[in-house]
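Top to bottom, those sequences are chains S and R. The first sequence maps to residues 1 to 244 in full-length UniProt numbering. The second sequence maps to residues 1 to 244 in full-length UniProt numbering.
One or more hints might be untrue.
Heads up, the list lumps identical chains together, so a pair's fine if it works in one copy or across two of them.
What the hints assert, rightly or not - Here are the simulated EDC-like cross-link-like pairs (lysine to aspartate or glutamate), alpha carbons at most 20 Å apart as the crow flies:
no. : residue 1 : residue 2
1   : 46        : 148
2   : 63        : 89
3   : 37        : 199
4   : 53        : 148
5   : 225       : 184
6   : 22        : 202
Honestly, the hints are just simulated from the structure, not real lab data.
2 protein chains.
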Amino acid sequence: MKLKVYTDRMSQPSRAVIIFCKVNGIQFDEISIILSKRQQLSPEFKEINPLGKVPAIVDGRLKLFESHAILIYLALAFPSVLDHWYPNDLSKRAKIHSVLDWHHTNLRPGAAGYVLNTVLAPALGLPLDSQAAAKAENLLTKSLSTLETFWLKGNSKFLLGSNQPSIADLSLVCELVQLQVLEEKDRVKLLGPHKKVGEWIENTRKATMPHFDEVHEVLFKAKEKFEKQREMGTVAKPGIQSKM
Amino acid sequence: MKLKVYTDRMSQPSRAVIIFCKVNGIQFDEISIILSKRQQLSPEFKEINPLGKVPAIVDGRLKLFESHAILIYLALAFPSVLDHWYPNDLSKRAKIHSVLDWHHTNLRPGAAGYVLNTVLAPALGLPLDSQAAAKAENLLTKSLSTLETFWLKGNSKFLLGSNQPSIADLSLVCELVQLQVLEEKDRVKLLGPHKKVGEWIENTRKATMPHFDEVHEVLFKAKEKFEKQREMGTVAKPGIQSKM
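Required output: the full structure, derived from the provided sequences and hints.
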């Protein structure tokens, strides 16, 4: 039975999993779970992931969620996945786990928290929380600086001194691409000082084309929508995200 | 060269790594990095982990931090570690990654955030933040409920339907044991409704004795200290933790 991948392409870890499958020639059926329509809470999807989160996969008898766990599983279970995505070498693999764990408590809450509380919240029927936005911005700024000076140290194209991408590059870059929906001045302020981060995002994009752009299309459309709303001086309203 | 493990036993992921080494007969030198004395920011420790966090390890040429990454590495690198800690079976391993990832964004910020903002903050020179405490309590309560009804579903002694502990049991239980420093009434309110969680903590403790109690000794002493302070109606003051 073919692998089933449950996603909302507006979710950055969903995009990472879809791109990974496509780049590695993994055959799969993509099942859309539209978060803005609360489809993740349906009894059908609760059978797949009782915690109601995307992405999730079903492979034979295995039901699995959490994008890092999914990426690792796919890398190990599908022979078409090349070693550089999740190296067999113990030390290299350990370093990938380390950056993925760091991501959970630094870059992810920073980026997702900032985007939610400056742009997305009204589209999800939530208030914009300026205090939470400031806290997230602080974490995001620190995380970008750590990426620039530590994780991307040296002259390699990808994280951890590698010249080929790993699942960590894909996961972290997909997290950062969501900053596209911010106001231009905010995005420039955040990313501008971090030249290596910008180059690395582009390296990861190039290494996963054409799938990278195709899977991000929904985000780029959302970006246009938010830009138009800003030009018109309106704010996003509940329900608007269902047309993204 | 013997494995070096850099820890502060007041840190729950440090405790998980030390217990894991001891239970599995891994020979190591433990190097104490006292967080309350800001030793994690010393130039010597920054050579080990530039991000200034414990636990961290050095094994040969590998420098590694993030406790989950460390536990996985040790399980793979040391032949004395039995399979149940980090099973070779792809599906079982995937589920362990899933629960470890879930931990990062649910149980960990819930438990650590609540303890910090109700008890520990003054001892670290920080203010107690009641709003942050309420937010963390909400996340912790939800996480405990998810543990009880989902991750500990069935009649097994450990997570994911297993009758032997994995690195996930150790990591999550060490996170929860820090609730010992709370006021009795708060701890009972949080843990009381979750019978399976209580049994699972005890199962994990028993499976890792005598190391579990020995490594938690510093926490139990801290608990006594906080209890005495409460009896005397005083609050913890900056610097007090250096004597824990």
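For each hint, the structure was consulted:
For the homomeric pair residue 46 and residue 148, the shortest alpha-carbon distance between copies (17 Å) is at most 20 Å, but the shortest distance inside one copy (39 Å) is not. In this homomeric assembly, residue 63 and residue 89 come within 20 Å of each other (Cα to Cα) only across copies, at 15 Å, whereas the closest approach inside a single copy is 27 Å. Taking identical chains as interchangeable, the C-alpha atoms of residue 37 and residue 199 are never at most 20 Å apart, the minima being 36 Å within one chain and 38 Å between chains. In this assembly of identical chains, residue 53 and residue 148 lie within 20 Å of each other by CA distance solely across copies; the values are 18 Å between and 30 Å within a copy.
Within a single copy, residue 225 and residue 184 get their C-alpha atoms as close as 14 Å, which meets the 20 Å cut-off; across copies the closest is 52 Å, which misses it. Proximity of residue 22 to residue 202 under the C-alpha cut-off of 20 Å is restricted to the intra-copy arrangement: shortest distance 18 Å within a copy versus 45 Å between copies.
When held up to the earlier numbered hints, the structure conflicts with hint 3 and nothing else.
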